[in-house]
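A.B. asks: Protein chains in written order, with my numbering: chain B, 52 to 726; chain H, 11 to 321.
It cannot be assumed that every hint is accurate.
[As the list claims (entries may be wrong)] DMTMM-like cross-link-like pairs, simulated, lysine to aspartate or glutamate; straight-line CA separation at most 25 Å:
| id | chain 1 | residue 1 | chain 2 | residue 2 |
| --- | --- | --- | --- | --- |
| 1 | B | Lys216 | H | Glu181 |
| 2 | B | Lys511 | H | Glu172 |
| 3 | B | Lys216 | H | Glu320 |
| 4 | B | Lys216 | H | Asp158 |
| 5 | H | Lys83 | B | Asp208 |
| 6 | H | Lys83 | H | Glu181 |
| 7 | B | Lys216 | H | Glu164 |
| 8 | B | Lys216 | H | Glu120 |
| 9 | H | Lys83 | H | Glu184 |
| 10 | H | Lys57 | H | Glu320 |
| 11 | B | Lys216 | H | Glu172 |
| 12 | B | Lys511 | H | Asp215 |
| 13 | H | Lys315 | H | Asp239 |
| 14 | B | Lys216 | H | Glu140 |
| 15 | B | Lys216 | H | Asp239 |
[As the list claims (entries may be wrong)] One side only, chain B facing chain H, incomplete, derived with CB under 8 Å:
| id | residue |
| --- | --- |
| 16 | Arg85 |
| 17 | Arg221 |
| 18 | Pro564 |
[Claimed, not checked] Calculated from the model, a selection of chain B residues having no Cβ within reach of chain H, i.e. all distances over 12 Å:
| id | residue |
| --- | --- |
| 19 | Ala129 |
| 20 | Leu237 |
| 21 | Leu385 |
| 22 | Pro445 |
| 23 | Leu492 |
| 24 | Glu723 |
Hints are computed from structural coordinates only; laboratory data are not their basis.
Note that the Cβ used here is the ideal one computed from N, Cα and C, for glycine as well.
Here are the chains, one letter per residue:
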Amino acid sequence: MVLLLWAGLPLFGPADLYLRMDPMVLAGTLLSGRVLDGAFWIAFIPALLFLAITLVAGRFFCGWICPLGTCVDLADRATARRRASPLGRPARTGLRRVKYHVLALILGAALLGVSLVFIAAPIPLVTRFFGLLLMPLVQVAAWLGLDAARPLAASLDAGSIYYLKITYDRFGTQLFLLAMAGAVFLPGLLAPRFWCRYLCPAGAIFSIFGRKPIIRRRVSDACIECGLCRKRCPMNAIPADPHDTRHGECISCETCERICPVAAITFPVSGQAEQAGVQSDDGPADAPLKQRPATADNVATTKIKGGDSGSPPPSRGNVPSPPEARVPRRTFLLTGVVGAGTALLAYTDLASPLTAEGKGDPEQRYTLRPPGALPEPDFLARCVRCGECMIGCPTNTIQPIWFAAGLAGVFSPVLEPTRGPCETTCNACGHLCPTGALRPLPLAEKQHAKLGTARILRHKCLAWEEQRQCVVCDEVCPYDAIHLERVEGNPVAVPFVDERRCAGCGFCEHNCPVRAQRAIIVQPAGAVRIASGSYIDEAAARGLDIDLNRPGSRHPGPGGYEGYGPAQGHGYEGSASSPGYQGGQEYPTQPGSDLPPGFSESPGAQGSQTSPPYPAAEPAGNFSRSTSDGGLPPGFSEPPTTPRSSAPPQPRGGRAPAPSGSGSNLPPGFSEPSS
Amino acid sequence: MRRREFLKWQMHGALWLAAGSTVAAPLSAMAQDAVTSADELDVAIAKGAPAAATRAAVELLGGMQSVVKPGQKVAIKPNMSFPQAPDKGTTTHPEVVSALVAMCREAGAEEIFVLDHPLSRAEACLERSEIQAACSAIPNTRVLGLEDSTFYVEAPIDQGEEMRDNAFMREVLEADVLIAAPVAKSHGSTGVSLSMKGMMGLIWDRGVMHYRYNLDQAIVDLNTKLAADLAVVDATRVLSTNGPYGPGLVLNENTVIASRNVVAADAMTVSRFEWYGRRIRPDQVGHIRAAHDRGLGPMDVASMKVREVEV
Ligand code: SF4
Ligand code: SF4
């Protein structure tokens, strides 16, 4: 249980350690991400270690380490009473193969660079289950409890309780998480450890590695063949003959050792009990995908049984069930192909961000990734959807998505600025990511990792569209990327975003008071996504000007504050030349007012004394409202008072020439040289 | 733990004494004067180090005991809405806040709340503004950035013309005394952000003031409900441009401006410093103008009774 909490609470320890133990995460990411760098191997030393241990001690991980296994055990205990009658033998034998198919499917897709690891890799499942589903439930319960306890705390003068701050995370895709949890735990009604026995792809890998462990179950001659061990084995690892063991299934939980009435079962190091026990653990399904460990034991049995061909005859003619589930090579390959097909499907998904963005790509709206994310295709290939970044983010801005980024992007993390901004003082997510899909950046680097660019939707902006004093975006922008200007015909100064300064942190979007889509939104455009190297250097190379500690003091020259004047914003150089910045030309400043932003002249000349009046309520039932149009119903109109012929002739099939003040009749796009 | 707190408390006590003694000298000379004229005084201005100037300005107005009575609950509203160090000029100087808190304690306040509804994560704001640390050793004092809606209660604004209700911090509604302690800074949409604008940090729904009401009028509405008993404007540093977040030009003015009337305090602050490298009249600030028109206080600095002192 402690281990479980550990996995769910990143703050209490290296939560990603578990993720780095998962061989499915290792294998899937290795293949799909084409990762060869040393850092990756170092990060996955735990998984390699456990694979090595498995060679020696069997599927030890599943019984002793895996938090999902523990959860399954707990769930099994809860549902044990309701368990249906045990599955028939054919069903069990067939089902045992399913996990290899799951493995093949994931590896097949990974071969083509699509990571489906998230479907079934056990540790990501468990981190998501705890971090995204259970933790928020606990948090919200605590929050509600605290809220209920507050009056009491107030009456007891217990301020430290009253002002205790508890927040709870919220996540999208809750139903999806619930369904996945159901898929893992509910089959426990059919058989104990159903998931581990039949479905888990990491179990399949361990199974392959753990066919011939050195430390393994031995049954002595004392065995009275009562069959109790076979009944109690949670993994169904004991075939009809209780002397036998399916080592690939045995998770060394040692249940059998404990319950054997004659103490015939031990788990010694191989060779010690060699003579004592009946030596019969070499099933025909030894057909190894990987090389078997060449222990003396192996060599010996191989000699006796006469080779290790793909499908040797059953070792004991009188025992019908093969001790080990055969690794179904042909069908294994087939599922691999199916996996590859799934990958192809993911590529042809309209929303797929699997290839570098280019012509004909639909707009990628859902690729606003956390800081330090690798370039999108690499990122998706490496991300195992464990949810650690989402769990660890203090502002809850990192959210899982469904299909918004296509099949390949299911459950991947995106930023949701309306939920929270990306804190300038935080770099947690990259350090929680187990696979390096998010790079572990030092804080200074992270502060330069541009996430996207804020854009003002002028038609929604209170200042631009409704001429209201607002500019909350300017108020909250930590990077000073928003500046205010006065434009003609508007009594209030309006905001402009300087793309070179904007880091995409989302403070502006988060705080914008406009609803049902904010009037300023952060889009992925312009994000700096690099697989290696420094973000600070990269930002400089791209001509960005991202700076949290911009020196502010600019002392007024003799003629006053030299920067402020019409059309010059706040006087910092270069803003007018930044890409996309059009304020200067398009919106000439208001000639009458040269006051700095926010100030206004006294009498109502500015028209901002009261808010614009709301349309008066319609008198109910009055349909015959007469208007200046002569009371015509909608759609009708009076004939124009001027004769039609006086209208300028329109070029057939073309547009009327735009009225132009300067008398220029150049085609669109051309311009006279400025005098 | 306890011992450490005690030591801290002792240290702070010593600091106040030191601050007090520097104030005492110039003050004693005119003590007579100050006491007799305190009632008629509109604005008190003190120049000097933050804590000392704060004390001096409040003393000129008749001392904290004229505002806070023993046993009362006090709410102080500094600006601690930005996760920035004091030298950026975006938050109230921690020593101004701690001096105010200490004076309230000396006047017998039973409970003191230092409150804001920060724009960034509260922990970061309270820590980086150094306000929490400055007040941590003073007993019966809580520095809070309240980000949870449960701390706010709906209440009407009886004299509101546009905004007629909002949700207010419970502590503020229950407080006997409200003290505005803003930092002097410019603001892109309201020109300046001082005592009156600062009251937006005591309510839950600020957005509505932007998207539904006229902001200037709504600020005045808010100040009819949250009428501060004392305004102490921290102009030790003045963020003269690019407020409220900066970075902007920070003028080191070493000044504290105090008044029993928020409009007078704000108007005096506007007229006393440069904004964007030029002089601005208080009537060029929409919400000050509106507050004056609605009779909340004077904005004509020329006709105010002012006392100035250097410490
Ligand atoms: S760096 Fe930003 S996105 Fe990442 S955990 Fe911190 S706040 Fe969240
Ligand atoms: S403009 Fe850019 S840097 Fe500024 S708050 Fe918005 S997203 Fe962040």
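A.B. asks: List in ascending order the numbers of the hints, as given earlier, that are violated by the structure.
C.D. replies: Numbers 3, 11, 15, 16, 17 and 22 - these are the hints that the structure violates, sorted from lowest upward.
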